[in-house]
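Residue numbers (the UniProt record's numbering), protein chains in the order written: chain A, 1 to 322; chain B, 1 to 365.
Quick caveat, the hints were computed from the structure, so don't treat them as lab data.
Ideal Cβ positions, reconstructed from N, Cα and C, are used throughout, including at glycine.
It is possible that part of the hints are untrue.
Claimed, not checked - To be clear about the criterion: a stretch of chain B counts as covered by chain A if any three or more of its residues have a C-beta under 8 Å from a C-beta of chain A, and this derived list gives those stretches:
| id | stretch |
| --- | --- |
| 1 | 81-92 |
| 2 | 240-250 |
What the hints assert, rightly or not - Not close to chain A: a few residues of chain B, all C-beta gaps over 10 Å, as computed:
| id | residue |
| --- | --- |
| 3 | A59 |
| 4 | G60 |
| 5 | L61 |
| 6 | P97 |
| 7 | S171 |
| 8 | V294 |
| 9 | P334 |
Claimed, not checked - Label pairs and their calculated CB-CB ranges:
| id | chain 1 | residue 1 | chain 2 | residue 2 | range |
| --- | --- | --- | --- | --- | --- |
| 10 | B | V183 | A | A304 | 41 to 49 Å |
| 11 | B | G315 | A | A39 | 42 to 50 Å |
| 12 | A | S40 | B | E118 | 54 to 62 Å |
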Amino acid sequence: MADTGISSSSGARGAPGSVATQATLPIARKPSRLFRNLASKIALVPMILTVLVIFVGCTIWTVVHSFTSSKLLPKLDFVGLAQYERLWGNDRWMVSIKNLAVYGTCSMIFSLVIGFTLAALLDRKIRFENTFRTIILYPFALSFIVTGLVWQWILNPDFGIEKVVRDLGFESFVFDPLHSDQFVIYGILIAGLWQGTGLVMCLMLAGIRGIDEDIWKASRIEGIPVWKTYVQIIIPMIRPVIVTSVVLIASGIVKVYDLVVAQTSGGPGTSSQMPALYVMDRMFKDQNLAQGFAASTMMLVAVAIILIPWAYLEFGGKKSRG
Amino acid sequence: MNTMTAVNTESSISIRDLTLNFGAVQVLKRMDLEVAPGEFIVLLGPSGCGKSTLLNCIAGLLDITDGQIWIKGKNVTWAEPSERGIGMVFQSYALYPQMTVRGNMSFGLKNQKMPQAEIDARVARAAEILQIQPLLDRKPGALSGGQRQRVAIGRALVRDVDVFLFDEPLSNLDAKLRSELRVEIKRLHNKLNNTMVYVTHDQIEALTLADRIAVMRGGVIQQLDEPQTIYNRPANLFVAGFIGSPSMNFIHGAVKGGKFYAEGIVVDLAGYEGGALIDRPKAILGLRPEHLTVTNTAVAGKTIAATVEIDENLGADSLLWLKAGDNQISVRIPVEDRLNAGTSVHLEVDMSKASIFDAETEARV
Ligand SMILES: Nc1ncnc2c1ncn2[C@@H]1O[C@H](COP(=O)(O)OP(=O)(O)O)[C@@H](O)[C@H]1O
Ligand SMILES: [Mg+2]
């Protein structure tokens with residue numbers, strides 16, 4: 001400790017004036033912070049540049065062009081907030097916001113609940129755990145397009161669930177969510193859950209398995225029911241895993257696009273529109289770049305509104321804790 | 001099958017013919033153990049000998065393969081852990097990290113729907129006994145290891161049970177804290193006077209805490225006795241070697257006509273406290289380092305001639321390593337009596353404290 005005290009009191013570190021005093025002390029002085037871990041810093045430079053140029057740069061470019069009237073090609077003729085006025089006056093956009101809200105809420109809740117329940121069941125040391133885990137995780141390995149098509153077939157009234165149940169004798173059974181304005185979003189939700197909960201389950205299972213076995217013993221001796229142990233003791237203990245799951249699910253929700261394309265292409269009518277689909281359609285179908293950019297800027301703002309307070313709470317508050 | 005006739009209803013814990021298999025491995029082998037009310041029993045043995053397994057069986061955390069467990073005169077063999085009237089303390093503390101100390105201690109009671117006033121009273125009493133009142137509103141993460149273990153003991157204490165089970169509660173603490181908390185556990189036992197079963201691999205803990213020690217090996221209790229008996233009259237070679245530090249000196253030889261013969265050594269066995277000394281072609285003489293004294297005068301049949309090799313200063317006393325024929329012998333001597341390497345001395349044997357083992361059966365004679 002004394003060494004660093006001397007070197008820092010003799011003026012700025014590494015300044016020429018301090019060299020003389022340093023020379024009399026054959027002690028390694030504290031290296032400048034800039035040069036600590038130099039190799040790893042150099043190695044990070046390309047990544048940092050990539051992030052800055054591609055991610056930040058392109059984001060700014062998109063935001064800027066959302067204030068223009070670009071059509072097929074980007075051009076910088078600013079029209080103020082005109083694109084945003086059109087956007088919020090557009091029925092399709094409003095439908096997609098509503099759909100996203102329904103899909104997002106349900107997807108978040110059910111992914112967490114089902115994922116945790118499956119993990120808790122697997123944790124009860126059942127037989128064939130590996131088999132179950134593979135089966136449940138398997139859909140995650142598929143692309144959203146494949147999932148979407150598979151579920152389009154399963155939900156298709158001509159050869160899916162409806163057909164099977166009718167063949168069993170229930171002639172009047174109707175189950176056709178993908179062709180119903182009202183229920184189409186739940187058809188997409190089922191496919192999304194089928195694909196996504198496996199990963200959540202695996203994350204949660206890893207978290208649960210990481211908990212000291214003695215915790216379970218202690219709670220059994222105190223006579224706390226298993227479900228209560230999970231809810232009141234285990235869930236708070238695997239908080240980091242849950243936070244990770246929430247972030248993963250949320251990013252999946254915002255990006256939901258391929259699933260809609262494969263299952264319904266936004267139909268029937270516009271009833272299964274999603275914001276990402278709206279962006280893609282405006283940019284490439286309607287050749288209305290600025291409108292697409294305005295929609296994607298709104299998505300960015302929405303994500304930022306959710307993420308920034310969360311990131312602040314999760315990472316920024318560290319020092320004041322404890 | 002075992003009969004129920006012999007179950008001792010006087011015992012606090014009664015284990016009858018207990019067997020536990022993990023798959024094909026038999027971890028506990030037909031074990032019997034009676035623990036009197038208020039007794040402090042220590043299960044001592046090397047790692048992996050089945051101590052924790054036995055404790056978990058008593059607690060009901062493991063389903064036993066065969067046998068019976070009785071606690072306070074009730075057959076609890078198939079009872080849930082919470083119904084057995086036990087409290088348990090673990091090596092890893094097993095506190096609930098998101099709850100305060102108070103929350104940890106009251107969680108189980110709340111779950112039993114106990115009135116809040118009663119919970120508060122119990123927590124306050126336990127906190128006072130363990131001197132953790134200032135910590136009640138802290139979380140376990142903000143406590144030291146010793147404090148955490150006190151809280152874990154407190155959590156068992158508030159249950160107001162007759163039987164306490166400890167699974168190596170001090171093994172995660174440093175030496176100083178360990179000896180402090182050891183004394184505290186002893187004090188707790190004196191105060192509460194309930195039955196305690198305490199698992200450890202540390203013989204100092206066992207010798208200081210126990211009313212009786214059960215020395216285990218390979219799922220079998222080798223000896224169950226008071227600490228002094230275990231120390232002075234180990235039932236077999238394993239117990240003799242496991243207890244005592246430095247370990248007992250073993251000299252291989254033969255017993256013939258009331259004398260013990262080994263290479264260059266003849267000792268008269270008169271005064272030996274144990275069984276009849278019939279002739280044995282293969283026997284082992286066990287002598288603890290503190291039961292030998294260094295003298296300059298040889299007495300035929302009473303002393304062993306030896307040469308000093310190393311003198312280790314242990315602070316309070318000194319440990320002398322000597323060579324007697326082929327045998328390495330250690331002797332504890334006062335620090336002032338230190339001797340130089342190469343000195344020839346004679347070791348006087350206190351035959352009343354010696355042990356003789358049959359080399360075949362390894363049992364004490
Ligand atoms: N859940 C388990 N499954 C299989 N074997 C086990 C299990 N728990 C313990 N064992 C084995 O049982 C033996 C006794 O273990 P344990 O009672 O934990 O020993 P210790 O005396 O160190 O507490 C060890 O050999 C261990 O490998
Ligand atoms: Mg153990």
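We went through each hint and held it up to the structure:
1. 81-92: holds (count 9)
2. 240-250: violated (count 0)
3. A59: Given that some Cβ of chain A is not farther than 10 Å from that of B:A59, nearest at about 6 Å, it is violated.
4. G60: violated, 8 Å
5. L61: violated, 5 Å
6. P97: violated, 6 Å
7. S171: holds, 13 Å
8. V294: The claim holds: B:V294 sits with its nearest Cβ about 49 Å from chain A, beyond 10 Å.
9. P334: Since the minimum Cβ distance to chain A is about 44 Å, B:P334 lies beyond 10 Å and the statement holds.
10. B:V183 - A:A304: 41 to 49 Å: violated, 59 Å
11. B:G315 - A:A39: 42 to 50 Å: holds, 49 Å
12. A:S40 - B:E118: 54 to 62 Å: At 58 Å between Cβs, range holds.
Checked against the numbered hints listed earlier, the structure breaks hints 2, 3, 4, 5, 6 and 10; every other hint is satisfied.
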